[in-house]
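Visitor: Following the hints, position chain B against chain A.
Chains A and B, in that order, give the protein sequences.
Going by my numbering, the first sequence opens with residue 1, and the numbers climb by one from there.
Going by my numbering, the second sequence opens with residue 1, and the numbers climb by one from there.
It should be emphasised that the hints constitute simulated quantities derived from the structure, not laboratory data.
Wrong hints could be hidden among the right ones.
[To be verified] Taking lysine to any residue pairs in the SDA-like style, the calculated list, with each CA pair at most 25 Å apart, reads:
| hint | chain 1 | residue 1 | chain 2 | residue 2 |
| --- | --- | --- | --- | --- |
| 1 | B | LYS12 | A | LEU44 |
| 2 | B | LYS12 | A | ARG12 |
| 3 | B | LYS12 | A | GLY9 |
| 4 | B | LYS24 | B | GLU321 |
| 5 | B | LYS12 | A | PRO89 |
| 6 | B | LYS12 | A | SER90 |
| 7 | B | LYS12 | A | LEU11 |
| 8 | B | LYS12 | B | GLU90 |
| 9 | B | LYS12 | A | ASP51 |
[Unchecked claim] Some chain A residues well away from chain B (every beta-carbon gap over 12 Å; in silico):
| hint | residue |
| --- | --- |
| 10 | SER25 |
| 11 | SER32 |
| 12 | ASP36 |
| 13 | GLN37 |
| 14 | TYR63 |
| 15 | ASP65 |
| 16 | LEU75 |
| 17 | ASP81 |
| 18 | ARG82 |
Where a beta carbon is used, it is the ideal one built from N, C-alpha and C, also for glycine.
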Amino acid sequence: MAVTVRIPGVLRAEAGGQSSLEILSDGGMTLSAVLDQIGTTWPLLERRIRDEQGGLRRYVNLYIDGEECRGLAGLGTAVPDRAEILVIPSIAGG
Amino acid sequence: MTTSVLAIGTGKGLFLARSDDDRKTWEINGPHFPMTGVYSVGIDTRRDPVRLLAGVESSHFGPIVGYSDDLGGSWQEPATRPIAFPEESESALARVWQIAPAPADQPDVVYAGTEPQGLFRSIDGGVTYEFVRGLWDHPHRPEWGAGFGGPAIHTIIPHATDPKRVLVAMSTGGVYRTEDGGDNWQASNSGIRAYFLPDEYPEFGQCVHKVAASPGRPEQYFAQNHHGVYRSDDAGATWVSIADGLPSDFGFAMVAHPHRPGVIYNFPLEADGRRYPPEARCRVYRSEDAGATWQPLSDGLPAEPFYPTVLRDAMCADNAETVGIYFGTRGGEVFASRNEGEHWHQIAAHLPEVLCLRASVV
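Bound-form chain A, shown alone (with noise of 0.2 Å):
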């Protein structure tokens, strides 16, 4: 069982160049816990979507099967076997 993580092309560098990652997951992962996973192969990917306290950067959301996790559990939300997550920085800046 896997969930599958889109990464935009702004932190592919990140990630080896990839433009997805394939998390294995028992099937009750929560969000925090397929970020645990992330850091242990791309610890800077990791590093730049939560900060040393585990907290979501502001401005990078994450959405779960198309619903932003801060609507749902935040980082505690549990992942569905298969599930897709998003990777998007928000509009911002100037």
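Guide: This is chain B only, laid out in the frame that chain A set:
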């Protein structure tokens, strides 16, 4: 002929200027770390090859602390977070405001000052850093303010001869010193005015913008305050005004000549409420007698009305025998003097706003 490097941290990336003809002409490359604010840079000439250090903030993806051992050809970032607040601090790194290599007799020691007000110490040349808990645990910390720029340690001066002594400064909070390697810290603001507080001479809470150390005089420091320019001759214990002779006592930058004790550079701004050069004239001020007198330096600088600000770390000196002085503006211009301020020329224009500069012969 020597090679010189000028690192230009801007609001949208790091630019590197290189001169191979004793700073007559410069070639600029970049941006490195595009679309990030580069708030701190360091050039560690104690190492061979020279190491560049950069404290970068992406508004989306947070802080990045990187280094380069090939003058910016490539940048490295360790797998573990190089600077991280411990869990019990309940804080997270927002920005690195200052990167300060220690003196040459501590060849692997580099300090980093952060937002929030953390001090970190590296013993591996700036690859990874340890949290200096003594300053974080200071009982004054809950009362330190954010200033306008943010709650940060923006100045770090390792003592020239004693590795256990370090001076830091913050806005607001003021100057603090340790004499025991960082376990204990003393507020060191006696004589520095905080006009914006009911008690104008408090123990701490001053808005010190920048401090510089005098070479060869390890007890002498100079400070640009939020209104007020000061000198200390007793390692920061007490401060006296040296603002007489300047057109204004407001500004951000304070730079010490790296070889000549008591020679300092300043870029005055009119006032807190009018952050423009006085009379809209682009002038650097230099004192060669530790602040007793000041001379304007403007030969080669723009003669037309000039309004940009020079931020606290956007002015620096290099380490050449005949020292170069540099300043960058929020208008994206960089000016340089290759003869200690006597004559200036513009070496960059149309950059994003300049946040910080560091220069060195490499």
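Visitor: Run every hint past the structure and note whether it holds.
Guide: Checked hints:
no.: 1; hint: B:LYS12 / A:LEU44; in the structure: holds, 20 Å
no.: 2; hint: B:LYS12 / A:ARG12; in the structure: holds, 20 Å
no.: 3; hint: B:LYS12 / A:GLY9; in the structure: holds, 18 Å
no.: 4; hint: B:LYS24 / B:GLU321; in the structure: holds, 15 Å
no.: 5; hint: B:LYS12 / A:PRO89; in the structure: holds, 17 Å
no.: 6; hint: B:LYS12 / A:SER90; in the structure: holds, 18 Å
no.: 7; hint: B:LYS12 / A:LEU11; in the structure: holds, 17 Å
no.: 8; hint: B:LYS12 / B:GLU90; in the structure: violated, 29 Å
no.: 9; hint: B:LYS12 / A:ASP51; in the structure: holds, 22 Å
no.: 10; hint: SER25; in the structure: holds, 24 Å
no.: 11; hint: SER32; in the structure: holds, 15 Å
no.: 12; hint: ASP36; in the structure: holds, 14 Å
no.: 13; hint: GLN37; in the structure: holds, 15 Å
no.: 14; hint: TYR63; in the structure: holds, 16 Å
no.: 15; hint: ASP65; in the structure: holds, 23 Å
no.: 16; hint: LEU75; in the structure: holds, 14 Å
no.: 17; hint: ASP81; in the structure: holds, 28 Å
no.: 18; hint: ARG82; in the structure: holds, 27 Å
Of the numbered hints given earlier, the model fails hint 8 alone.
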